[in-house]
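Based on the sequences and whatever the hints tell you, model everything.
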Amino acid sequence: MAEDTILSDDLLSELIAVGEVDILVGVPTYNHCKTAGQVVRAVQVGFLKYFPRARTVLINPDGGSTDGTVDVVRNTTVSDYRTLMTSQPLRTLHRITTPYSGGPGRDHALRTIFAAADLLRAKACAVVSAELQSVTPEWIEGLIRPVYKEQFDLVTPLYHRHKFDGLLINNVVYPMVRAVYGSGVKEPLGKEFGVSGRLAKALLEGLGAGQPLRSGIDLRLTTSAIRDGYLLCQTFLGPKIHAPNYAEADLTIVLPRVIGTLFECMGTDEAFWFSRSVPAPLPTFGFQYDLSLEPVRVNRDRMLQVFRNGVREFASILSPILSPATLEAIQRLIDVSDADLRFPDELWVKTIYEFAASYHHGVIHRDHLLQALVPLYLGRTSSFVAENLGTDSMEFEQRLEGLCLEYERLKPYLIERWKPTT
Amino acid sequence: MTETLLNGVTQTLDAALKMAIELLPKILGMLIIIAIGWVIAIVVRLVVRRLLSLVKFNALCDNLGATQIAAKASLPPPIDLLSALVFWVTWAAFLMLGISTLGFVVLQEQIAEFFRYVPQIFIAVVILFIGLLFANFTARAVLLGMVNANVPSARLLSNAVRVFLVMLTVAMALEQIALAKTVVLIAFSIAFGAVMLGLAIAFGLGGRDVARRLLERQFTEDAKTEKDEISHL
Numbered sequence: 013m014a015e016d017t018i019l020s021d022d023l024l025s026e027l028i029a030v031g032e033v034d035i036l037v038g039v040p041t042y043n044h045c046k047t048a049g050q051v052v053r054a055v056q057v058g059f060l061k062y063f064p065r066a067r068t069v070l071i072n073p074d075g076g077s078t079d080g081t082v083d084v085v086r087n088t089t090v091s092d093y094r095t096l097m098t099s100q101p102l103r104t105l106h107r108i109t110t111p112y113s114g115g116p117g118r119d120h121a122l123r124t125i126f127a128a129a130d131l132l133r134a135k136a137c138a139v140v141s142a143e144l145q146s147v148t149p150e151w152i153e154g155l156i157r158p159v160y161k162e163q164f165d166l167v168t169p170l171y172h173r174h175k176f177d178g179l180l181i182n183n184v185v186y187p188m189v190r191a192v193y194g195s196g197v198k199e200p201l202g203k204e205f206g207v208s209g210r211l212a213k214a215l216l217e218g219l220g221a222g223q224p225l226r227s228g229i230d231l232r233l234t235t236s237a238i239r240d241g242y243l244l245c246q247t248f249l250g251p252k253i254h255a256p257n258y259a260e261a262d263l264t265i266v267l268p269r270v271i272g273t274l275f276e277c278m279g280t281d282e283a284f285w286f287s288r289s290v291p292a293p294l295p296t297f298g299f300q301y302d303l304s305l306e307p308v309r310v311n312r313d314r315m316l317q318v319f320r321n322g323v324r325e326f327a328s329i330l331s332p333i334l335s336p337a338t339l340e341a342i343q344r345l346i347d348v349s350d351a352d353l354r355f356p357d358e359l360w361v362k363t364i365y366e367f368a369a370s371y372h373h374g375v376i377h378r379d380h381l382l383q384a385l386v387p388l389y390l391g392r393t394s395s396f397v398a399e400n401l402g403t404d405s406m407e408f409e410q411r412l413e414g415l416c417l418e419y420e421r422l423k424p425y426l427i428e429r430w431k432p433t434t
Numbered sequence: 002m003t004e005t006l007l008n009g010v011t012q013t014l015d016a017a018l019k020m021a022i023e024l025l026p027k028i029l030g031m032l033i034i035i036a037i038g039w040v041i042a043i044v045v046r047l048v049v050r051r052l053l054s055l056v057k058f059n060a061l062c063d064n065l066g067a068t069q070i071a072a073k074a075s076l077p078p079p080i081d082l083l084s085a086l087v088f089w090v091t092w093a094a095f096l097m098l099g100i101s102t103l104g105f106v107v108l109q110e111q112i113a114e115f116f117r118y119v120p121q122i123f124i125a126v127v128i129l130f131i132g133l134l135f136a137n138f139t140a141r142a143v144l145l146g147m148v149n150a151n152v153p154s155a156r157l158l159s160n161a162v163r164v165f166l167v168m169l170t171v172a173m174a175l176e177q178i179a180l181a182k183t184v185v186l187i188a189f190s191i192a193f194g195a196v197m198l199g200l201a202i203a204f205g206l207g208g209r210d211v212a213r214r215l216l217e218r219q220f221t222e223d224a225k226t227e228k229d230e231i232s233h234l
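So the protein sequences, as listed, match chains A and B. Quick note, in my numbering, the first sequence goes up one by one and the last residue is 434. Quick note, in my numbering, the second sequence goes up one by one and the last residue is 234.
Derived by calculation from the structure, the hints in this document are not laboratory data. One should not assume that every hint holds.
[As the list claims (entries may be wrong)] Have a look at the derived ranges for each label pair, beta carbon to beta carbon:
1. Gly-279(A) to Arg-156(B): 29 to 39 Å
2. Arg-213(B) to Glu-282(A): 46 to 56 Å
3. Arg-156(B) to Asp-313(A): 15 to 25 Å
4. Ala-161(B) to Gln-343(A): 24 to 34 Å
5. Leu-305(A) to Gly-205(B): 21 to 31 Å
6. Phe-135(B) to Ser-349(A): 40 to 50 Å
7. Glu-282(A) to Ile-187(B): 37 to 47 Å
Note that beta-carbon positions come from the ideal geometry of N, C-alpha and C, so glycine has one too.
Following this line, the structure appears as structure tokens:
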């Protein structure tokens with residue numbers, strides 16, 4: 013079995029002491045001492061409040077924290093049951109902290125969690141980030157209940173986001189997964205999710221110990237679940253608020269990693285998505301509400317500067333990637349004034365599809381290809397921000413829907429460019 | 002007197018004829034070797050082409066930008082260049098072998114010298130080829146990284162990296178074939194030193210203010226507040 017080599021002897025003996033469980037929640041940590049305690053409390057209160065009769069365990073794979081995260085996780089307790097409106101625990105609240113080998117990679121942590129879920133025959137398993145401030149007990153219910161009670165296999169999150177939060181997801185990942193894979197998962201790479209025991213087992217086999225670890229595990233997890241016909245749903249979790257010291261990696265790292273993973277998945281799953289038709293809506297759980305979020309600062313000047321420089325300087329790099337018509341249309345944009353510059357949906361979708369096909373055919377080194385997309389993405393992002401500055405949430409959703417439909421309309425164009433030329 | 006002269010001429014002609022008769026089969030042998038060599042060289046070229054196609058050499062060259070470099074220099078694609086090189090080296094070897102059958106001592110020494118030199122030429126060509134690929138690849142990576150980081154004069158930096166790597170490659174290739182070894186080494190050292198000194202002076206004196214601004218922008222708190230608050234994920 014795969015878990016033989018993933019789980020250390022110490023962890024194995026701790027898991028055996030716990031015995032079979034119904035629900036397992038994994039909280040991977042790496043230097044998250046400021047938020048880990050709150051997340052652990054939220055998970056335990058979630059167990060008590062919503063699954064008091066279930067056998068539960070919290071697994072905390074730690075990537076080698078040096079800031080005392082492990083102690084925080086071990087020492088966090090729930091005692092104020094009355095004020096938290098929960099009952100006294102009927103069962104032991106098991107909690108296991110374990111280091112995992114291979115460095116602070118999310119893949120390693122998820123592998124440990126899935127291996128533990130498989131060994132303990134958990135019916136439902138959820139993963140929650142330790143870096144968030146907004147995790148509540150209701151998140152645990154939202155991620156677990158659809159699996160535990162409704163027989164879904166994968167529960168993806170729905171966050172309440174500012175309209176300029178998650179721009180890469182809204183402009184590429186969500187509409188592309190929807191058009192290509194035929195599944196309207198709005199957060200295909202959400203770090204919080206719930207999985208059934210059978211999907212956890214299948215994912216564990218997919219991430220077998222002998223296989224090389226690759227980046228973008230969250231996206232791979234979603235696409236493989238869609239491809240293999242598992243039952244998917246979404247659950248509304250509310251706002252996603254990171255700890256104050258959280259800093260997203262630079263765009264030149266994030267974009268190649270995410271888009272490269274998406275293009276790779278498309279290459280692996282081409283037999284599946286070629287014939288995939290219009291997506292069916294996904295069941296969504298949870299009470300959705302509107303919330304005013306703090307405005308965010310956007311430096312459009314810098315974005316447009318990189319866009320213009322990139323289009324000018326990368327002409328020779330872009331010419332084997334893009335069709336002449338697309339390249340010409342993009343080059344025309346650099347002469348438009350900042351205020352009037354708009355990157356139309358159709359041009360953007362064609363750009364992404366041509367990049368995907370060129371990535372697939374390996375027309376230039378793949379890292380370089382993805383780096384060449386950065387300025388174009390910034391041009392599109394700048395246009396997207398300008399177009400949506402004054403929109404309310406309803407109008408914004410309509411525009412996003414329009415973009416998704418454009419991705420779906422142009423899917424035959426993607427297939428045409430994807431297929432090898434004779 | 003006349004008889005002596007006639008005898009001399011006759012003997013010379015006899016000797017020449019004898020030599021020609023002796024040489025004729027050798028020339029014929031040489032021509033046959035050259036012809037066979039030509040056929041073998043063609044076969045070797047085809048085999049090499051096929052092997053390179055099997056290992057997807059074309060795609061590799063496209064990936065690394067070698068095809069584009071060759072196209073810019075109005076050269077055929079790298080796969081054609083490499084197979085042509087193999088053809089000419091093979092045929093040249095047979096050509097030399099054929100000539101050696103004539104038995105001229107001076108020529109044989111030159112041919113032996115050539116055969117000693119062939120591996121070095123081949124290695125030099127490989128060094129040049131890999132070096133140019135690497136230079137192009139690195140220059141492109143620098144250009145992409147610099148433009149994406151919004152660094153001014155990205156093209157200039159990228160070209161500087163390319164020129165430096167090409168210079169290094171050419172120096173290494175020339176050293177391999179031992180062509181004016183000392184001159185190449187000295188020329189390279191002087192050129193490299195001059196470029197570095199020039200850059201140091203230009204940046205240290207002429208670009209003092211620019212350098213200060215760059216460092217300030219990189220490390221002061223003011224710069225950090227200019228950043229976006231948008232999240233891409």
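- Task: Go ahead and decide if the range 21 to 31 Å is satisfied by the Cβ distance of Leu-305(A) to Gly-205(B).
- Result: violated, 48 Å
Given a hint of 40 to 50 Å, does the C-beta separation of Phe-135(B) and Ser-349(A) actually sit inside it?
For Phe-135(B) and Ser-349(A) the Cβ distance comes to about 41 Å; the hint holds.
Worksheet item: Is it true that the C-beta distance of Arg-156(B) to Asp-313(A) lies inside 15 to 25 Å, as the hint says?
Response: holds, 21 Å
>> Taking the Cβ atom of Ala-161(B) and the Cβ atom of Gln-343(A), is their distance within the range 24 to 34 Å?
In response: holds, 26 Å
Could you tell me whether the CB distance from Arg-213(B) to Glu-282(A) stays inside 46 to 56 Å?
-> About 53 Å separates the Cβ atoms of Arg-213(B) and Glu-282(A), which means 46 to 56 Å holds.
| request: Could you tell me whether the CB distance from Glu-282(A) to Ile-187(B) stays inside 37 to 47 Å? | output: violated, 57 Å
For the range 29 to 39 Å, tell me whether the beta carbons of Gly-279(A) and Arg-156(B) fit it or not. holds, 32 Å
Figure legend: structure checked against the earlier numbered hints; hints not met, in rising order: 5 and 7.
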